[in-house]
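2 protein chains.
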Amino acid sequence: MNEYTVKGIAIDVEGNLPVVTLESSDGKLLPIWIGGPEAYSIGLALKEYEPPRPMTHDLIVSIIQGFKSKLKRVVISGLSEGTFYALLHFEQNGELIVIDARPSDSIAIALRTKAPIFVEDSIPIFEPDDPKTAVLKERLKEIRPEDIGF
Amino acid sequence: MNEYTVKGIAIDVEGNLPVVTLESSDGKLLPIWIGGPEAYSIGLALKEYEPPRPMTHDLIVSIIQGFKSKLKRVVISGLSEGTFYALLHFEQNGELIVIDARPSDSIAIALRTKAPIFVEDSIPIFEPDDPKTAVLKERLKEIRPEDIGF
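Residue numbers (this note's numbering), protein chains in the order written: chain A, 913 to 1062; chain B, 913 to 1062.
So here's chain A without its partners, still in its complex pose (with noise of 0.2 Å):
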């Protein structure tokens, strides 16, 4: 299991959908096909954009404050059928609690309470040499959250 980080959001030139884009420190990529509300909540965490009313991902945050919980760390944990799985850690009073999730929720709440995101070695992943990557690289197109809009 690695660590990876958010690279950005983008969208895939092919189908046109949403995608975020995870990253290892060495270079390994692997791109997530998600929702646009999704894309657009992890775009604005980027960001650091701070809304005046609590978006539904700062809400999440909330929740698990009010509990007086904390997320420990969210781990891609499988690939079913081109569907991603995720798995939140959360930890209160001692206890490690772990609830499923799509990656993109998982994502979206972990960049705002700066958790760690790991990867599964199951999941394959874009090696930085291999020609498939730079064949990926053309498809993504980089998108600021105010790209999509609702």
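Because the hints were derived from the structure by calculation, they are not lab data.
Treat the hints with care, since some could be wrong.
Repeated chains share a single entry, so a pair holds when one copy, or any two copies, can fit it.
Straight-line Cα separation of at most 20 Å, EDC-like style, residue types lysine to aspartate or glutamate; simulated pairs [unchecked claim]: (1) K980 with E1007; (2) K982 with E1003; (3) K1044 with D1033; (4) K984 with D938; (5) K982 with D1012; (6) K1049 with E1032; (7) K919 with E1003; (8) K959 with E1007; (9) K940 with E915; (10) K1053 with E935; (11) K1049 with E962; (12) K1026 with E1003; (13) K940 with E1007; (14) K980 with E1003.
Since the structure of chain A is already known, use the hints to place chain B on it.
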């Protein structure tokens, strides 16, 4: 403070904005203008649609349950400069935990947990026999979540 139920989601034809309408048992109406993703989420909950993977508000319900807490009620608590405010009242180990939220998120969670929704008396509502209520109803065009879509 009176209890309201969710009448449905609609589009306000003036401005093309999503609206969730709350209704009291004696026919008072409270329209709240909300975001598209939240209207979609409320619409799915009204249809009791169970998605294959947890949507963001389903994740909030998982977190509440994971923390062995319960949403006791939602209170639409205020209106200031056109913005509605809400409070989530949670119970955990006999303790009341109150968290500030937008009405849209609050309603999306209330529907999924069957928590009651209350509206503070200070909030202006639409009386059944007020001519303004008929005007409001003309502005609101009921929609299904698939009419929003992402």
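Checked hints:
For the homomeric pair K980 and E1007, the shortest alpha-carbon distances inside one copy (12 Å) and between copies (12 Å) are both at most 20 Å. For the homomeric pair K982 and E1003, the shortest alpha-carbon distances inside one copy (5 Å) and between copies (18 Å) are both at most 20 Å. For the identical chains of this complex, K1044 and D1033 are intra-copy neighbours only, at 19 Å inside a copy versus 61 Å across copies, given an alpha-carbon limit of 20 Å. When the C-alpha separation of K984 and D938 is checked against a cutoff of 20 Å, the pair qualifies neither within a copy, at 23 Å, nor between copies, at 47 Å.
For the homomeric pair K982 and D1012, the shortest alpha-carbon distances inside one copy (16 Å) and between copies (19 Å) are both at most 20 Å. Neither within a single protomer nor between protomers do K1049 and E1032 lie at most 20 Å apart by alpha-carbon distance, with minima of 22 Å and 52 Å respectively. When the C-alpha separation of K919 and E1003 is checked against a cutoff of 20 Å, the pair qualifies neither within a copy, at 26 Å, nor between copies, at 38 Å. Proximity of K959 to E1007 under the C-alpha cut-off of 20 Å is found in neither arrangement, the shortest distances being 32 Å within a copy and 36 Å between copies.
Within a single copy, K940 and E915 get their C-alpha atoms as close as 11 Å, which meets the 20 Å cut-off; across copies the closest is 53 Å, which misses it. Taking the shortest alpha-carbon separations for K1053 and E935, only the intra-copy value of 16 Å comes in at or below 20 Å, while the best inter-copy value is 45 Å. Taking the shortest Cα distances, K1049 and E962 never come within 20 Å of each other, neither inside one copy (30 Å) nor across copies (35 Å). Taking the shortest Cα distances, K1026 and E1003 sit within 20 Å of each other inside one copy (15 Å), while across copies they are farther apart (27 Å).
Taking the shortest alpha-carbon separations for K940 and E1007, neither the intra-copy value of 32 Å nor the inter-copy value of 46 Å comes in at or below 20 Å. Both within a single protomer and between protomers do K980 and E1003 lie at most 20 Å apart by alpha-carbon distance, with minima of 9 Å and 13 Å respectively.
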